[in-house]
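Participant: Sequence:
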Amino acid sequence: MKNNFLLTGATGFIGSNLARELVRQEQNVSVIVRNKELNWRLKDIADKLDIYECNIQDEKLLEIVNRVKPDYIFHLARYGNLPQEEDILKMIDINFKGTVNLINAAKQNPFKLLINTSSCIEYGVKEQSMKETDYLVPINNFGVVAAGITLYAQKEAIRNNLPIITLRLFTPYGYYEDGFRLIPSVIKSAIENELIKVSTPENVRDFIFIEDVVDAYIGATGIRHNPGEIYNIGSGRQHSIGDIVRLILEITKSKSNVQWGAVKKQTRYIEPAKWQANISKTKKILRWEPKNSIEFGLQKAIQWLNLHKDLYNN
Numbered sequence: 001m002k003n004n005f006l007l008t009g010a011t012g013f014i015g016s017n018l019a020r021e022l023v024r025q026e027q028n029v030s031v032i033v034r035n036k037e038l039n040w041r042l043k044d045i046a047d048k049l050d051i052y053e054c055n056i057q058d059e060k061l062l063e064i065v066n067r068v069k070p071d072y073i074f075h076l077a078r079y080g081n082l083p084q085e086e087d088i089l090k091m092i093d094i095n096f097k098g099t100v101n102l103i104n105a106a107k108q109n110p111f112k113l114l115i116n117t118s119s120c121i122e123y124g125v126k127e128q129s130m131k132e133t134d135y136l137v138p139i140n141n142f143g144v145v146a147a148g149i150t151l152y153a154q155k156e157a158i159r160n161n162l163p164i165i166t167l168r169l170f171t172p173y174g175y176y177e178d179g180f181r182l183i184p185s186v187i188k189s190a191i192e193n194e195l196i197k198v199s200t201p202e203n204v205r206d207f208i209f210i211e212d213v214v215d216a217y218i219g220a221t222g223i224r225h226n227p228g229e230i231y232n233i234g235s236g237r238q239h240s241i242g243d244i245v246r247l248i249l250e251i252t253k254s255k256s257n258v259q260w261g262a263v264k265k266q267t268r269y270i271e272p273a274k275w276q277a278n279i280s281k282t283k284k285i286l287r288w289e290p291k292n293s294i295e296f297g298l299q300k301a302i303q304w305l306n307l308h309k310d311l312y313n314n
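Following the working numbering, the residues of the sequence shown are numbered contiguously, the last one being 314.
Misleading hints may appear alongside valid ones.
As the list claims (entries may be wrong) - Calculated cross-link-like contacts (lysine-lysine; reagent style DSSO-like; alpha-carbon spacing at most 30 Å):
#, residue 1, residue 2
1, Lys43, Lys155
2, Lys36, Lys69
3, Lys188, Lys284
4, Lys112, Lys36
5, Lys291, Lys112
6, Lys281, Lys155
7, Lys97, Lys126
8, Lys2, Lys284
9, Lys2, Lys69
10, Lys90, Lys107
11, Lys48, Lys300
12, Lys48, Lys36
13, Lys126, Lys90
14, Lys274, Lys188
15, Lys155, Lys126
To be verified - Derived DEER-like restraints, expressed as beta-carbon distance ranges:
#, residue 1, residue 2, range
16, Lys112, Lys197, 44 to 54 Å
17, Asp50, Ser293, 35 to 45 Å
18, Asp50, Arg246, 23 to 33 Å
FYI, nobody ran anything at the bench for these hints, they're computed from the structure. All C-beta atoms, glycine included, are put in the ideal place defined by N, C-alpha and C.
Given the sequences, and given the hints that come with them, work out the whole structure.
Facilitator: Have a look at this one:
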């Protein structure tokens with residue numbers, strides 16, 4: 001059965017993978033973008049999308065939502081995902097006000113589910129795997145605003161009995177990820193047997209393959225949720241940057257040398273010794289768990305990037 005899907009942030013890493021999967025499933029896919037000239041992630045499927053040019057904090061959004069009448073809304077538009085995006089006033093304007101605007105627009109028509117996208121950055125530093133019920137103690141501006149958005153979406157869902165949930169993502173990687181990010185940048189260098197420049201081997205993350213993230217979003221549409229539920233989307237395991245580099249070198253059989261400390265550490269984060277999702281609730285209620293181990297996910301990412309080098313050479 002075909003449904004109407006509306007995506008914000010569709011030109012981003014996660015949004016573009018969702019759009020591609022929905023197109024593959026022959027769903028009706030509408031995307032809201034800031035520029036109708038779609039970027040490298042979506043250009044080749046532009047003819048299969050209904051494209052609307054709009055900033056999500058603009059009044060025009062209501063008109064678009066009324067026209068599309070979406071069954072499902074995937075909300076991924078965010079400012080602050082890139083290291084240079086540090087303006088908290090823009091985060092409040094685009095991220096928080098944009099979410100308020102989207103939820104207000106969605107309320108004008110019946111919809112089956114709105115999925116808000118959140119970040120593990122909201123948790124801050126923890127000494128154990130992170131649970132949805134943990135106190136939020138974000139340690140940067142993006143996390144503070146993201147936490148506010150999660151709480152606002154939850155409040156709207158509970159107060160108005162709306163089908164709104166939040167997926168709190170850990171560290172996705174895979175197809176169409178920005179080339180400067182850790183995993184694609186290391187893969188590119190390893191494939192070419194070039195010097196691999198990285199910051200430090202000790203930092204840890206809970207890496208989750210993009211196919212599993214997409215499965216979580218689409219799987220969530222087939223379940224009845226309590227209004228305002230929050231689900232962690234991670235692998236439930238943490239790996240160090242050193243682990244990731246070692247695995248990529250092993251899989252690619254690369255002759256690359258590694259220069260640690262060659263890349264400046266991001267100053268936006270305090271690096272915790274523990275960064276791992278507790279996905280017990282997600283497994284139980286969402287009936288989802290990752291299918292790809294870190295080794296298998298990296299193999300797929302390497303194979304894909306090897307076939308799509310041209311996308312990263314421009």
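Participant: So which hints don't hold here, by number, going up?
Facilitator: 1, 3, 18
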